[in-house]
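S.K.: Starting from the known structure of chain E, fit chains Y, F and V onto it as the hints suggest.
Residue numbers (the working numbering), protein chains in the order written: chain E, 9 to 278; chain Y, 118 to 414; chain F, 945 to 1165; chain V, -16 to 389.
These are calculated hints, taken from the structure and not from any lab test.
Distance condition first, Cα-Cα at most 35 Å in a straight line; then the derived DSBU-like pairs of lysine-lysine:
#1 E:Lys39 to E:Lys268
#2 Y:Lys409 to E:Lys33
#3 F:Lys1007 to V:Lys243
#4 Y:Lys406 to E:Lys33
#5 V:Lys44 to V:Lys31
#6 F:Lys977 to V:Lys243
#7 Y:Lys264 to V:Lys92
#8 Y:Lys406 to E:Lys192
Pair by pair, the computed Cβ-Cβ distance ranges are:
#9 E:Val164 to V:Val139: 29 to 37 Å
#10 Y:Lys409 to F:Thr1114: 37 to 45 Å
#11 Y:Lys409 to E:Val164: 41 to 49 Å
#12 F:Lys977 to V:Leu369: 34 to 42 Å
#13 Y:Lys409 to E:Ala182: 30 to 38 Å
#14 V:Asn73 to E:Asn81: 34 to 42 Å
#15 F:Phe1042 to E:Gln222: 34 to 42 Å
#16 F:Phe1028 to Y:Asn243: 54 to 62 Å
#17 E:Tyr32 to Y:Pro175: 58 to 66 Å
#18 E:Asp72 to V:Asp68: 34 to 42 Å
Residues from chain F that keep clear of chain Y, each with C-beta distances beyond 10 Å, as calculated:
#19 Tyr976
#20 Trp982
#21 Leu1020
#22 Thr1025
#23 Asn1035
#24 Asn1060
#25 Glu1067
#26 Thr1068
#27 Gly1156
We put the beta carbon where it would ideally sit given N, CA and C, even for glycine.
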Amino acid sequence: MEFGTFLWTTLGAMLTLAIFSFLYKDNPFYKFAEHLVVGVSAGYWAVILWHNGLVPNLFERLQDGDWYLLWLNSSRPWYLIPALLGVLMWTRFSKKYAWISRWPIAMYIGIATGVAIPLEMANRVNKQLYATMSNIHWSNFFGSGFLDTAAGYSEVIVFIGTIAGLIYFFFSKAHTGTFGVIAKVGIYILMIGFGASFGLTVMARISLFIQRIQFMHEDWALVAFDKTNPNYSGWFPAFFWLVALIVIGYIIKEFIIYLKNKDKPKPEKA
Amino acid sequence: MTNKQDTNIFNRMMSIDRRWVFLLLIVVCVTAYFLPFSVPILVEPEVAVIHEFIDTLPPGSIVFLAIDYDPASLAELHPMTYALLEQCFRRNLRVMCTALHPNGPSMAEAAFLAVADSCRLDKTYNGEFFPAREVVNGVDYCFLGYKPYPALVILGMGTNFRLPFPSDYYGTPLDSIPLMKGVQNYDQTACVVNISGTSGTEYWISYGQGRFNFPLALGVTGVMGAEYYPYLNSGQVFGYMAGMLGAAQYEKLADNPGKAIIAMKVQLYAHFLIIFFIIIGNIGFFMDKFKKNREGR
Amino acid sequence: MKRQIPIFLVFVFGVFMVFQYFSPHEASEWIYKFLMDWIYIIGIFAMALGIWSLIHVSYDKIKHKRHDWGYSVVTLAALFTMMFFGITGFNENGEWGFYFMTQEGLTNPMFRNFFNHILVPIETTMFSLLAFFIASAAYRAFRARNVLATMLLVSALIVMLRFNPYFGDTFGFYMNKTAAWLLNVPNMAAKRAILIGIGLGMVGTALKVILGIERGYMGKG
Amino acid sequence: MRYIFVIFSLVFLTFSAGLAQVDTLGADSTLLNIAPPAPISNLTVYDKANDHGHALILEWKPSPDDAAGKNTVMMYEIYRSESPDGPFENIGSVPSGNSRYDNIGILEKEARDYIPDNTDLYYRVDAVTINPEIRTSSEIFGPVRSYSNWFHRGRVPVLFAVLIFGGLMMYFVSVARKGAELYVRPLAGIAAVDDAIGRATEMGRPILYILGLGTADMISTIASFTILSRVAKQVAEYQTQLIVPCYDPIVMTVAQEVVKSSYLDAGHPDAYNDDMVFYITTNQFAYVAAVNGIMMRELPATNVYMGKFYAESLILAETGAVAGSIQIAGTDEVGQLPFFIVACDYTLIGEELYAASAYLGREPLMLGSLKAQDYAKAAVIILSILGIIAANFGWTAFTNIFKVLD
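The following block holds chain E by itself, in its conformation from the complex (with noise of 0.2 Å):
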């Protein structure tokens, strides 16, 4: 590896450390990379969208036609519209004007929740009701061996808890009666398909993390000794050591204050 990419890497390691600090409490280090995250991330983006949106989407449909007559010329004038629609989003850097950005929201909200009906209706009713009439393995319906996902009740217990569920979310009547004790049996199910689904992320949110160890051991931390590398320095640990040293520095400072503190009476947290 080059000096140069180490020392790219380097930062990011430091990047990486100085989010985790954030774990112990708001620091310094953690204020310099979420602002420095938040603006190289809007930067990114926006140059993305300069690049893969606007260029392609609107500039090159109109570019053969000629500025002067506005672009009128050019073979897909009707993408001028959006164009329009756009500038007039920018009214809101005027206070007097303000007013007229409402046209273009009103479009977009008007074209999105349009599209939304007839699309959630199908995917998300029409769809799922169809889904729950399905054929009940009743030559299977004890199924074999242990809680078999594939058997009979197994089914039949999705279409009652899928029921018990659609009744929990009832408003315009009371939780009383025969009624609370289904929507009862529905919050219940609700609860144990969270639960395991929580259950099952933890699996996938420490493997996050065991990424982030392999990151700082094998493309950090093994590099900056590495010298069967044919660019290594001295530089490479030295700049280890250097991390090493700002994060064993402000362990101890933490601790001194935390000392010193230790036997203040805790400020009431509020």
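M.R.: For chains Y, F and V alone, kept in the frame of chain E given last:
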């Protein structure tokens, strides 16, 4: 929090500062990552059957390895490839390999290089001693490389490997590769193992196994796990490994601990730690309630 | 006027899009795609408002020397640096320059470095904080306070223990089976019930918006 | 899944056909001497239903030598012409074992795969062996025409669902308008919103309102705008501080408008300024980093999360808990609900998010729409019970009524 000076042990158990949870989790994960101890791993039969199958092949048999993944799913799938390749070379089996994913060849090459390196050392697996050996390209393995249109390539190889791949990945004509002598199509291979992070698996099942009836084993990512599991029950696939769990099981079977087992070690102890904290919290909660009830009376 | 025209526009475009779904005709699809382009292009133009807001808030902090104003300098510097690298770069002949209409900026080595060594590590590390938060959330919230909380707790515990090897083969097998069943049966029922509910809620809200009953998004509560 | 894969492979084979032949199978094939396979039979071509035109579907009976007989068929190549005498152009191929080819054209005239509508077309299918020169052509089918359809028949159930639901909605809104009392059961999360604003005022700390990662075209974000307008109005009345960091510029623009008019309605237009609602960045974890910072520095009394949330839900909610804020969440993202339920004080589950605006406003018109949703749910329950009975007695005629085609 409501009582100022209520500092009995149960109350403390209920309100451990979360920073202790964080610190312990870091300690546990980092320790488990770096310390070389082992954990038992529950081996499922669908993984064991692959290991068993390859272990009992006569020396010189050809295992066909299809590597269809890219760096995105490398973490889960590389351990499978490594353990499987090492097992094959130690058992003196020969390996043919394709990569029908555009980014697959670099994955396959990395695996061959790393495993060839590892084979240069004497090792003992499952109590059996294996002397060091040199793994030679063209003799012990043949890497065919990448070609587009997986369905047609898989079908073509069913007639003759030389049709889609007149020469291997490094440009050597197949006819001048020692391993390929007398090898025409899948009939001369013992089995096909598809390690895949893409839908390319579908092609191996329907165009490969479906047409040419070779024994097919799958290694897939955890996300794809549930999707292809039914093929195991229908008998189209004889063995199945899914995700990091499957990879760790294979490493365990091969007695060749690698990254998957390390990851599982971390996972296991991290899970234990979380469960430990949940239990501590609940003990505190119940004992506190119990005590308050008694005091109340 | 200021309020009527937007409501009218929402109604017209909304109703048109509802019926567009039922017509696969070429003409209808063309309009659909064109209107989707509108949304997209309006969104990009609005980005200028977003960037302006970011600059304005940061600049305000710096100008009035508010608490931690120094960090806002970092934000602004990073923003302008990134935008500068994004529109400059080297073309095929290795000539440096400003490239607005072509994509040299995206391959600018500094642009890539900022992306790979600042944005990516911070993003992935933020994401990995979830490992810690999932632990602390579990510790704090999984108390058997009542039946509901107990159910949440027990089903999460079973799924978390599903691959535990210390249970031995028999008990481990039952644990694994139970976890798989919980994920495929009650979880499935819960998801389906929620999805249908959400679907109706969405359609209801969207209809209210189109019909002008719901005007909260226009600030008419 | 399988069908998706088949369609996928068909589509890419269309593009690849000519190339694939040379590229993958060109080697030494002249050396192979194979008897020509039997041709396919019963070729039929028909217009693809419910589509935008420019598409036809071919079906045939496979060659007897496909996976049986001499087993020499490698693939089928599809040829098309505008006249029965040719010239026929190769437009695609499918691996053997298939007996269907969807010839989906590109809509632009300049494209290679353009299929003209309302024009006579002729098709032929060749059974091709491993040696591309050894092949057998089928008989020519035609003429056949492709049409564009004005109405999608497969979506009729959706049309009915939308019309009936819309009708219910209009009815109950008009009932409510006439002044009928409509009951809705109390929701804990909703009551908490009022309390939370009061609490913030007492403590003199701000309220943090997060609209989530949705863009303004998502209905959950639009629902969140409505909730924001109610919250902002109350906040303005209590003279508490409000912080709304945004992820999307349009969401920011709309939210500014919403908060501004809420302050106006509450009679405190001067208390509003545009910096209460501000943009951070359109990058998930950079946004989360910044919001986390705001939480730890401003220590809001209450965090309200309403809208679309992804993996960041738990990061936000746990940081909020560290900061000691009361947290109220609502999302329709099913995967994130467990985390909000675990980490927040109150969670609006799925549909409750959409009901929240009606609850907060307590306007009869809004409550009318809740009533319509309840009736629709009742209809879904009844229909699914009827449907499962029908399905298990084999009355597919009933269940098919509800089937939606794409």
